[in-house]
Amino acid sequence: MNTLDRLRIKNRRPVLPVTDPAFSRYGRVVTGLADDSWLAMLAETPLPEQGVTYLPQVEALQAHMGGKLRLFFGDMPVQAGTCNGHNSLTAALEYHKSSELNLATEDIVLVLGSLIGQTNDQIVHTDNLQAFWVPAGTAVEIFATTWHFAPCQTGDQGFRCLVALPEKTNTALTVPADAPLYMRNKWLLVHPDRQDLVAKGCLAGLRGPVVRIDY
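Our numbering puts the first residue of the sequence shown at 234, with every later residue one more than the last.
It is possible that part of the hints are untrue.
[As the list claims (entries may be wrong)] Pairwise CB distance ranges, derived in the manner of DEER restraints: (1) Tyr-287 to Leu-266: 19 to 27 Å; (2) Arg-261 to Asp-411: 25 to 33 Å; (3) Met-234 to Leu-280: 19 to 27 Å; (4) Asp-360 to Arg-303: 21 to 29 Å; (5) Asn-235 to Thr-352: 38 to 46 Å; (6) Pro-442 to Ser-331: 27 to 35 Å; (7) Gln-283 to Pro-254: 31 to 39 Å; (8) Arg-303 to Gly-370: 18 to 26 Å; (9) Leu-237 to Ala-432: 13 to 21 Å; (10) Gln-283 to Gly-370: 36 to 44 Å; (11) Ala-405 to Ala-293: 19 to 27 Å; (12) Asn-361 to Ala-273: 31 to 39 Å; (13) Thr-352 to Ser-331: 31 to 39 Å; (14) Tyr-448 to Gly-300: 14 to 22 Å.
[Unchecked claim] With a straight-line Cα cutoff of 20 Å, these simulated EDC-like cross-link-like pairs (lysine to aspartate or glutamate) come out: (15) Lys-301 to Glu-374; (16) Lys-243 to Glu-339; (17) Lys-433 to Asp-354; (18) Lys-301 to Glu-400; (19) Lys-330 to Glu-374; (20) Lys-301 to Asp-268; (21) Lys-243 to Asp-360; (22) Lys-401 to Asp-269; (23) Lys-301 to Asp-269; (24) Lys-401 to Asp-411; (25) Lys-419 to Glu-400; (26) Lys-243 to Glu-400; (27) Lys-419 to Asp-354; (28) Lys-401 to Asp-268; (29) Lys-330 to Asp-268; (30) Lys-243 to Asp-389; (31) Lys-419 to Asp-429; (32) Lys-419 to Glu-374; (33) Lys-401 to Asp-360; (34) Lys-330 to Asp-429; (35) Lys-433 to Asp-411; (36) Lys-330 to Asp-354; (37) Lys-330 to Asp-308.
Calculated directly from the structure, the hints in this document are not laboratory data.
Don't be surprised by glycine CBs; every beta carbon is placed ideally from N, CA and C.
Just need the whole structure built from these sequences, with the hints factored in.
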């Protein structure tokens with residue numbers, strides 16, 4: 234049984250492959266950009282034993298991938314970072330006013346929502362989110378109009394995921410701002426269950442049950 238079939242059996246929520254036409258609302262598969270050397274370097278990045286660690290920029294990745302990534306983002310300054318760890322829940326969502334590039338060394342699931350047609354960016358119902366399986370080694374562009382957050386794992390091994398974004402995204406704000414703007418180029422909503430994040434000023438705008446991806 235392959236990973237996608239197993240995910241579909243384990244979860245009541247449909248899990249679609251990124252090759253499904255439904256993914257085009259949220260992003261696209263990117264070919265011809267990443268090569269085996271990218272995956273090899275990514276595989277050497279630290280993996281926490283529990284939880285998720287996000288690093289906006291990893292110097293070794295930046296040095297190796299930065300040239301191609303800069304062209305991918307239209308000759309804009311970029312940062313190549315990682316989101317590594319173990320996670321099965323989507324209790325927060327963010328969007329940027331730019332695309333994001335993801336590439337993982339393991340199969341992952343991305344839980345996504347769309348800002349298209351949404352008149353209020355302060356409330357998202359989890360019933361409106363869709364789950365997509367991204368095979369290991371598949372690069373995907375997540376559009377600026379897409380709610381997303383940390384990947385969900387598809388096995389006990391967790392995941393190592395490249396996160397490429399315009400430079401200084403997800404770094405501290407330099408001016409006061411109202412929620413949901415939480416960091417530079419980062420608009421963030423959290424589920425009320427995440428009182429640790431609510432206490433830090435995050436807007437509790439997720440409605441409905443927390444999305445869990447079982448494997």
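Checked hints:
{"no.": "1", "hint": "Tyr-287 to Leu-266: 19 to 27 Å", "verdict": "holds, 21 Å"}
{"no.": "2", "hint": "Arg-261 to Asp-411: 25 to 33 Å", "verdict": "holds, 32 Å"}
{"no.": "3", "hint": "Met-234 to Leu-280: 19 to 27 Å", "verdict": "holds, 25 Å"}
{"no.": "4", "hint": "Asp-360 to Arg-303: 21 to 29 Å", "verdict": "violated, 38 Å"}
{"no.": "5", "hint": "Asn-235 to Thr-352: 38 to 46 Å", "verdict": "holds, 40 Å"}
{"no.": "6", "hint": "Pro-442 to Ser-331: 27 to 35 Å", "verdict": "holds, 30 Å"}
{"no.": "7", "hint": "Gln-283 to Pro-254: 31 to 39 Å", "verdict": "holds, 36 Å"}
{"no.": "8", "hint": "Arg-303 to Gly-370: 18 to 26 Å", "verdict": "holds, 22 Å"}
{"no.": "9", "hint": "Leu-237 to Ala-432: 13 to 21 Å", "verdict": "violated, 38 Å"}
{"no.": "10", "hint": "Gln-283 to Gly-370: 36 to 44 Å", "verdict": "violated, 25 Å"}
{"no.": "11", "hint": "Ala-405 to Ala-293: 19 to 27 Å", "verdict": "holds, 23 Å"}
{"no.": "12", "hint": "Asn-361 to Ala-273: 31 to 39 Å", "verdict": "holds, 38 Å"}
{"no.": "13", "hint": "Thr-352 to Ser-331: 31 to 39 Å", "verdict": "violated, 21 Å"}
{"no.": "14", "hint": "Tyr-448 to Gly-300: 14 to 22 Å", "verdict": "violated, 36 Å"}
{"no.": "15", "hint": "Lys-301 to Glu-374", "verdict": "holds, 14 Å"}
{"no.": "16", "hint": "Lys-243 to Glu-339", "verdict": "holds, 18 Å"}
{"no.": "17", "hint": "Lys-433 to Asp-354", "verdict": "holds, 19 Å"}
{"no.": "18", "hint": "Lys-301 to Glu-400", "verdict": "holds, 14 Å"}
{"no.": "19", "hint": "Lys-330 to Glu-374", "verdict": "holds, 13 Å"}
{"no.": "20", "hint": "Lys-301 to Asp-268", "verdict": "holds, 11 Å"}
{"no.": "21", "hint": "Lys-243 to Asp-360", "verdict": "holds, 18 Å"}
{"no.": "22", "hint": "Lys-401 to Asp-269", "verdict": "violated, 27 Å"}
{"no.": "23", "hint": "Lys-301 to Asp-269", "verdict": "holds, 14 Å"}
{"no.": "24", "hint": "Lys-401 to Asp-411", "verdict": "holds, 19 Å"}
{"no.": "25", "hint": "Lys-419 to Glu-400", "verdict": "holds, 12 Å"}
{"no.": "26", "hint": "Lys-243 to Glu-400", "verdict": "violated, 38 Å"}
{"no.": "27", "hint": "Lys-419 to Asp-354", "verdict": "holds, 12 Å"}
{"no.": "28", "hint": "Lys-401 to Asp-268", "verdict": "violated, 25 Å"}
{"no.": "29", "hint": "Lys-330 to Asp-268", "verdict": "violated, 27 Å"}
{"no.": "30", "hint": "Lys-243 to Asp-389", "verdict": "holds, 15 Å"}
{"no.": "31", "hint": "Lys-419 to Asp-429", "verdict": "holds, 18 Å"}
{"no.": "32", "hint": "Lys-419 to Glu-374", "verdict": "holds, 17 Å"}
{"no.": "33", "hint": "Lys-401 to Asp-360", "verdict": "violated, 32 Å"}
{"no.": "34", "hint": "Lys-330 to Asp-429", "verdict": "violated, 26 Å"}
{"no.": "35", "hint": "Lys-433 to Asp-411", "verdict": "holds, 13 Å"}
{"no.": "36", "hint": "Lys-330 to Asp-354", "verdict": "holds, 13 Å"}
{"no.": "37", "hint": "Lys-330 to Asp-308", "verdict": "holds, 16 Å"}
Of the numbered hints listed earlier, those contradicted by the structure are 4, 9, 10, 13, 14, 22, 26, 28, 29, 33, 34.
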